[in-house]
Amino acid sequence: MKLNHFFLSVPFAFIVSITTILPASTTPVFAMGDASKFAFVQLEYSDGNWNPRPNTGNRLMWELIKRTSVEAVIETKTVRLDDKELFEYPFVYLSGDREFPPLNDVEISNLKLYLEFGGTLLVDDCIGKDNFGFDKSIQREIKRLFPNNPLEQLPLEHTIFKSFYLLDRACGRIMEKTFLEGITLGNRTVVVYSHNDLGGAWAKDPLGTWEYEVLPGGERQREMAFRLGINIIMYALTGDYKQDQVHLPFIMKRRM
Amino acid sequence: MENLTQWNLTFAGLEGIGLRILVFIIAITILFFSWSGIRTIQPVSRRIILFSLRMTGILLIVFLLFQPQIEQKEVLKLKNKVVCLLDTSKSMSLKGGDTNIVRSRLVENFFTDNDSFFKELQSNFDVDFFTFSGTPAETSYKDIKTGITPDGEDTDFVQTLKYLQQRYKDTNVKAVLLFSDGKDTIARPDNVNTSDHVSTLARELAAPFFTFAPAENMEVRDIAISSISYNTFTFARNPWKADVTIKVMGYNNLKLPVTLKEGNDIISTKVVNTGNEREHNIALSFTPYKIGTFLYTVSLPVQPNEAITENNQVSFLVKVVRDKIRIMHVCGRPSWDERFLRQTLKNDPNIDLVSFFILRTPNDFSNASNDELSLIPFPVDELFTQVLNSFDLVIFQNFDYRPYDSSIYRFSYYLNNIETFVKEQGGSFLMIGGDLSFTQGGYDGTAIEEILPVHLTSGTDRTETSRSHALLTENGQLHPVTTLDINRERNISIWENLPDLDGCNITTQPKTDAVVLATYSAQGTPPLIAVRDAGLGRCMAITTDSLWRWNLLSVGRGGSNRHYMKFWQNSIKWLIKDPMFNPVHITVSKETYLPKEEVQVNIKVLGKNYQPWEGVQLEIDVTNEFTGKNILANRGITESDGQYKFSFKHEDEGFYIIKTIARIDSEMIGQDHTIFSIMKTDKEFKDTSIQRELLMKLAEVSGGKYFNLPQKDIRGKFSIENPPITKLVGKKFISLWDNGYFFMFIVSIISLDWWIRKRCGLS
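So the sequences go chain by chain: Z and W.
Just so we're aligned, residue 1135 is where the first sequence starts under my numbering, counting upward by one.
Just so we're aligned, residue 1096 is where the second sequence starts under my numbering, counting upward by one.
Hints are computed from structural coordinates only; laboratory data are not their basis.
Source: prediction; values computed, not measured.
Glycine included, each C-beta is placed from N, C-alpha and C at the ideal position.
Misleading hints may appear alongside valid ones.
Claimed, not checked - Straight-line distance between alpha carbons at most 20 Å, and here's what the computed SDA-like set of lysine to any residue pairs gives: (1) Lys1171(Z) with Asn1592(W); (2) Lys1171(Z) with Lys1441(W); (3) Lys1218(Z) with Met1344(W); (4) Lys1338(Z) with Ser1563(W); (5) Lys1211(Z) with Gly1653(W); (6) Lys1441(W) with Asn1321(Z); (7) Lys1218(Z) with Gly1653(W); (8) Lys1218(Z) with Asn1462(W); (9) Lys1441(W) with Asp1374(Z); (10) Lys1518(W) with Asp1378(Z); (11) Lys1171(Z) with Arg1562(W); (12) Lys1441(W) with Asp1378(Z); (13) Lys1190(W) with Met1344(W); (14) Lys1246(Z) with Ile1844(W); (15) Lys1441(W) with Lys1200(Z); (16) Lys1200(Z) with Asn1462(W); (17) Lys1246(Z) with Ser1655(W); (18) Lys1246(Z) with Asn1656(W); (19) Lys1218(Z) with Lys1441(W); (20) Lys1200(Z) with Pro1457(W); (21) Lys1218(Z) with His1745(W); (22) Lys1668(W) with Asn1586(W).
Unchecked claim - Pairwise CB distance ranges, derived in the manner of DEER restraints: (23) Glu1286(Z) with Tyr1384(W): 42 to 48 Å; (24) Thr1682(W) with Arg1214(Z): 54 to 60 Å; (25) Asp1378(Z) with Ser1410(W): 55 to 61 Å; (26) Arg1214(Z) with Gln1604(W): 41 to 47 Å; (27) Met1763(W) with Asp1378(Z): 38 to 44 Å; (28) Asp1338(W) with Leu1290(Z): 45 to 51 Å; (29) Glu1286(Z) with Gln1604(W): 41 to 47 Å; (30) Asp1378(Z) with Lys1350(W): 44 to 50 Å; (31) Gly1358(W) with Asp1378(Z): 37 to 43 Å; (32) Lys1724(W) with Asp1378(Z): 48 to 54 Å; (33) Asn1582(W) with Asp1264(Z): 53 to 59 Å; (34) His1564(W) with Glu1178(Z): 27 to 33 Å; (35) Asp1378(Z) with Pro1707(W): 54 to 60 Å.
Said to hold, decoys possible - Computed far set for chain W versus chain Z, every beta-carbon distance over 10 Å: (36) Gln1164; (37) Thr1456; (38) Ile1581; (39) Asn1646; (40) Asp1716.
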């Protein structure tokens, strides 16, 4: 028997329409505690601008909770690479808009261990210029991390582009590159690198105003940046789940 | 065969014709000059006497030079060889049609009816009689007339003809008389055509084959399972198929139910409408769920007046092994616990993982049309009705079924299916904690609670959210699931040092037959890991959603994630009843034995630490699978290697099951069983048809002739070439010149010639 997805049925359609006017926080949540929830964790590093978009993580988490079944903590957490607490959070966000000095050896070995054993790193260049500023430092640190695994363009067939939304390019506040780069170890992409200032597209001040204009695509581009952010988190949480054979016929049909 | 003496005159001297001519010329010349010397002598009578004496003397000398001798030869006059082959395989015992005459009796009748022919044949030829099935055995005409016993286990024309080739390598065989039903029962490679092979051997023997087979009215009335093609091992939960070939002879338009049984249970049946066809191919299939070696039987009902009923049934053993472990992983929401578990399962090449994650609930607003989403329908009906039994393990991880328990999709009904899957199909079920699990997932009072190892608290949502650690229970210290190190002390230490967890679901208490392996170190020490056998299957409850911390946090603390991996490997193996976790293993050296062959049995018992267990008392029974008759009862005690070995012999064919129960101080610690068979392969009755084509071809390629039996008078219907053949058995030479008398005679002639000449006054 072929079944429709639950959200297509009449009762669920009604519920969906209700949720559009109710804030997400009113939905019943019986989480076992914040420790079980997804946390947006930003990496703090020395002598650089590690937090150029302070209001970006909480907005993304808000959207994540509103749009998906993932339970998340709204507040952004910060952690340093040499902190043992790093391993409490399997997803970390590294951002910047300028060059930063090399990470120390402890930070590099910690990050390497973290990535090899299950952690995921999202790198977001707020400037997006190749071999300049933040990108130059990232390229340097990546070479230290994985000398034999350079950053490579993630193809459109990568699960990141279909882990929740079906996407055909990488977006952000700017459109420097329409693709993501990444490092894949085994069957898992452990580093995802965006050159388009994702955080700039997500950032919203406490009064509810978008902090940065999104160019050149405007609000549609901002929406796509949120979708990409959610997809990256979904990928971190579910891996290649959307590559399972059961999903492919549906996905291929929708992409045609 | 008779002895003859032959005489011949031979000459040993003056080898070479030239020398002999020269001697003759010299002799004639001497005679000429002699005649010239005496031709004037008077009277004429004296002249003639002298010439005669001289000629006699010269001839005797020439005779002497030729060294004449008499050759005496002793010669044996031989008969040409004829070979007579009689098929004595079991198929020759079949009765033909409605005549009630067995095939071998037809052959015997031929010998009786054609007694004068055989007497004449034996008079003119040297006839060797053989019976054959596997290889030929010599017999005699007298024995054949007394009666032959068709009891050969197979018919091998190739071996038989090779034997003849070898035996008559230097003998001129003038004919082969072959009496058979033409059925060769030896299995040969696909690329070997038996008919061609046998024909080639017959041609190489260079003798005409006169072949005899029962006539068409002698075809048996029989239905037979002539062949079954199947895999001797198959994978659990995968369809298995047997291709059955049925031969129908002497019957038309039957409706034959073909039945496949596992033990005594019918698992598949098909009805064949035979019409007028003689051969039918059908496929019987079923899906095994249990792992082990099982006895299967394909059978046909016995028909009236069937010549043989043994071929209506074929039993065989099939080993059902595990393919990849198939796991259905249903997850209520993406989380780190889910991600790390999925990653572990996906990285295991022995696991075939099918995942379904709820990525969006009815309360979520995705801000996109369905076409912009990669979400797919949750195929609940297909999953939990049609394909549920194809899985080994179902995992509900932080999954609340209630949103899908609508009037359209009764998910609570599917929960009943899961209970059946576990209890009756031997499947396994694992529930992993979280805010959507156990009572929070609405499972209290459902079929799932029936199989879970823990009772659920009705109506209240209780979770323990304080960070704390797992406490290994006394049972947990011994249980294979929680054995992360075979050393007990090290295992306890590992558990004490695992990273803290972030809370757990509070379940009231474990069920009486459940085993709590670990508790949560919080108020009331609620069960953290509990296991239970539920019917034929197994269940496990893990009440936390933060086991992932044993992975990444262990790495962060300078350790490794191997204990996390080991825990899940143990859990999966225990849940699916991996035979490695069975403490008692019974094995036999092979699956099929011949009657009276030694059956070697080895029983190995392992402790819960997987080390050999010495001193375990074993009760062993060997019984016939069909009759239930006990053929052996034995007791034994395992030695220091944890093993107990014994052997026995048994004569009766059949399928047998060896069961053992292992006890320590009267308490049962495990049991196991295995199956073996004792049988001779009865290939002769698989196809009871008469293969005249082979016999005709043999006759054709060898220059012989084929005949139907019976034949009342075979004389004059074929002829066998019979050229004379002799054998020299001895010879000797008698010399005619090498003796004193001969020399004396020559001297006398010469002396007489001299005396006459002197007497007459001649020179």
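Hint numbers not upheld by this structure, sorted from lowest to highest: Checked against the structure, the hints that fail are numbers 1, 2, 3, 4, 5, 8, 10, 14, 15, 19, 21, 25, 29, 35, 37, 39, while the rest are satisfied.
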